[in-house]
Amino acid sequence: MTVKAFSPEWAKAFKDEVNKSAVYKAAGKGWKWSVGLVVEAEPDKHFTDAKGIVLDLFDGEARDVKIGEAADAQKCDFVITAPYSRWKEVATKQLDATKGMLQGKLRLKGDLPTIVRYTKASQEMTECTTRIPVEWPDES
Amino acid sequence: MHDPNPGRMARRKLSSRSDAAVVDYADKEPSAFASMLGGLIEANVEGRPEKQADFASLVARVGIWVTDIDEGVTLDFKGGKLTVHNGLEPGRRLTIRADAETVMSLSNLKIGLFGMPVYYDEVGRGVAAKLLRGKLKIDGLLPNVVTLNAVTRIFSVQ
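Chains A and B, in that order, give the protein sequences. Reminder that position 36 of the first sequence reads as 36 in the working numbering, one-by-one numbering, no gaps. Reminder that position 50 of the second sequence reads as 1050 in the working numbering, one-by-one numbering, no gaps.
One chain only, chain B, in its complex shape (with noise of 0.2 Å):
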C-alpha cells in the first residue's frame, strides 16, 4: 500500500557527508528554502539519470528570489556540484523572481522534444501567462536561454 521507501529527505545539512555529495551549502545554517531547493535538485540528479549530463555540463549562477516570502537561494552550479546560498550571491547569470507558487509550478513544467520545457499544458500556460502578466519576472533570461532550460530539466520533477 505505502512505499516502504519513500527516499531523499527535506531539511539535511550536507556539509558532513563525503566528497560524493552533489550538493553543499555555502552557510552554516541553511534556511528553508536553501535546504529544500538543494534536497529536490540532489534528489533529482541522483535519482534520475537523465538530469546527469546537464547537471555535470552546467556553470552557471542563477538566483531565485520568493517574492512573497521575501527570500531568496543563489544555485551555484559547478559543473557535477551544486553550492547553494542562502540569498542571492553576485555574479548571477539568470535571477528568477517570482510567488511560492510560481516557484513550485517551476519544477513541474514537463519536458518535451529536444529537452524543452513544455509550455503549451496547464502548468506550462500557468508559467508562461505569469511570465507574460510580469509575475514571474526572469533577469538575464534572453541571452541565457540555453542556461534556463538546463536549470529548468535539472529541476523539474515531471
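So here's chain A without its partners, still in its complex pose (with noise of 0.2 Å):
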C-alpha cells in the first residue's frame, strides 16, 4: 500500500521494516542513542512545512518513530538534517546515504565515531526506507 511521504502511515511502514530486517538487527546491537531526522521544506516541491522524524532505536529494535516538529527530531543525540528532495533521492536510491554524508549532501550531527561504528546499520536503514512505497507530493 502507497503512502504519503514522511506522513504517520510512512512512519510505522518504516519502523515495520526495520523490524522485519535481520540485517538491521544484527548490524543495529548496541546501538542506544535517538536520531532525528530533520526534513526542510521546499515550497516548488509541495513540501510546504518542515518535518522532524524522531526514531527511537534501541539494541537493533526501532521501538518507536513518530512525525513531528523539525525541532523535536533536533534535540535527538544524532541528527541528519537535508531538505526533501535529498530525502527522496535517498529513498528512491538515487543518493547513497555514506556518499551523501561525505558530500555535505546529509548533514550529520553527533558523535561520529559512533556513527562510524554503525554503519552498516545505518545503511540498512536507508534500505529500508526505499523498500517503502511512496507517494511523493511533487509527483502527485
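Do not take every clue at face value.
Said to hold, decoys possible - Far from chain B, by Cβ distances over 10 Å, these chain A residues were calculated:
(1) 107
(2) 114
(3) 135
Claimed, not checked - Only some residues are given here: those of chain B computed to face chain A with a beta carbon under 7 Å:
(4) 1040
(5) 1044
(6) 1069
(7) 1104
(8) 1107
(9) 1157
I should point out that these hints are in silico values taken from the structure, not numbers from a laboratory. Note that the structure is predicted; figures quoted are calculated from it, not measured. Glycine included, every Cβ here is placed at the ideal spot set by N, Cα and C.
With the hints as a guide, dock the two chains, each given alone in a separate frame, to form the complex.
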C-alpha cells in the first residue's frame, strides 16, 4: 500500500520494515541513542512545512518512529538534516546516504566515531526506506 | 535510555579554537569530507588514550581519495597535530583510493595483537578482498606499511 511521504503511515511502515530486517537487527546491536531526521521544506516541491522524524532505536530494534516538528528531531543525540528532495533521492536509491554525508548533502550532527561504528546499520535503515511504496507530494 | 552526552559533533570548524586543538583545517571552508575525517580523528585522539602515542609520533602526509564522490583530503600529521587539507596535496607518503563504503570500512578495522589491523574478521576480509581486487588502491604501500598501520590505528573507531 502506498503511503504519503513522511506521514504517520510512512512512519509506521518504516518502523515495520526496520523490525523485519535481520540485517538491521544484527548491525544495530548495542545502539542506544535517539536519531532525528529533519526534512526541510521545499515549497516549490509541494513540501511546504519542515518535518522532524524521531527514531527511537534500541539494540537492533525500532521501538518507535514518530513524525513531528523539526525541533523535536533536532533534540535527538544524532541529527541528520537535508531538504525534502535529498531525502527523496535517498529513499529512491538515487543517493547513497554514506556518500551523501561525505559530500555534505546530508548534514550530520552527533558523535562521529559512534555513527561510523554503525555504518552498516545506517545503510540498512536507508535500505528499509527504499522498500516503502511512497506517494511523493511533487509527483501527485 | 539515551546517552545524555553524545560527544563531539561533525562539521565544526576548529580554526577559531584554542592552540590546544589537535586538528585544524588548511582551507577556510573545509569540505564535508574534510570536516568529517578531521572530526573523527580528533574525537578518536581525544577520547581514546591508546591512540595518543601514535598521533604524537606520526609525521607523514597521507592522502585519501574517495573514488565515487570524486573528493579527497590530505591528512598532514605533524607529530601531535593534524592539518586537514581539501583535496590531494603534494608530498604525500601514502595515498588511499577507494569508494565511500570502503573508506568507512577502513575506519571499522579492529586493531589486534601488537597494534596490527585485523584482516581476518568480516570487515578485515572485506578490506583485504577489495585490496586484492584493486577496488582499494594504496599508493606507496610497500615502503610505508608502518605508517599505514599507525594511520589505521588512529583512524579506527573499533
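Now for the hints, and whether the structure bears them out:
no.: 1; hint: 107; verdict: violated (6 Å)
no.: 2; hint: 114; verdict: violated (7 Å)
no.: 3; hint: 135; verdict: holds (30 Å)
no.: 4; hint: 1040; verdict: holds (4 Å)
no.: 5; hint: 1044; verdict: holds (6 Å)
no.: 6; hint: 1069; verdict: holds (5 Å)
no.: 7; hint: 1104; verdict: holds (5 Å)
no.: 8; hint: 1107; verdict: holds (5 Å)
no.: 9; hint: 1157; verdict: holds (4 Å)
Going down the numbered hints, you'll see the structure goes against 1 and 2, while the others check out.
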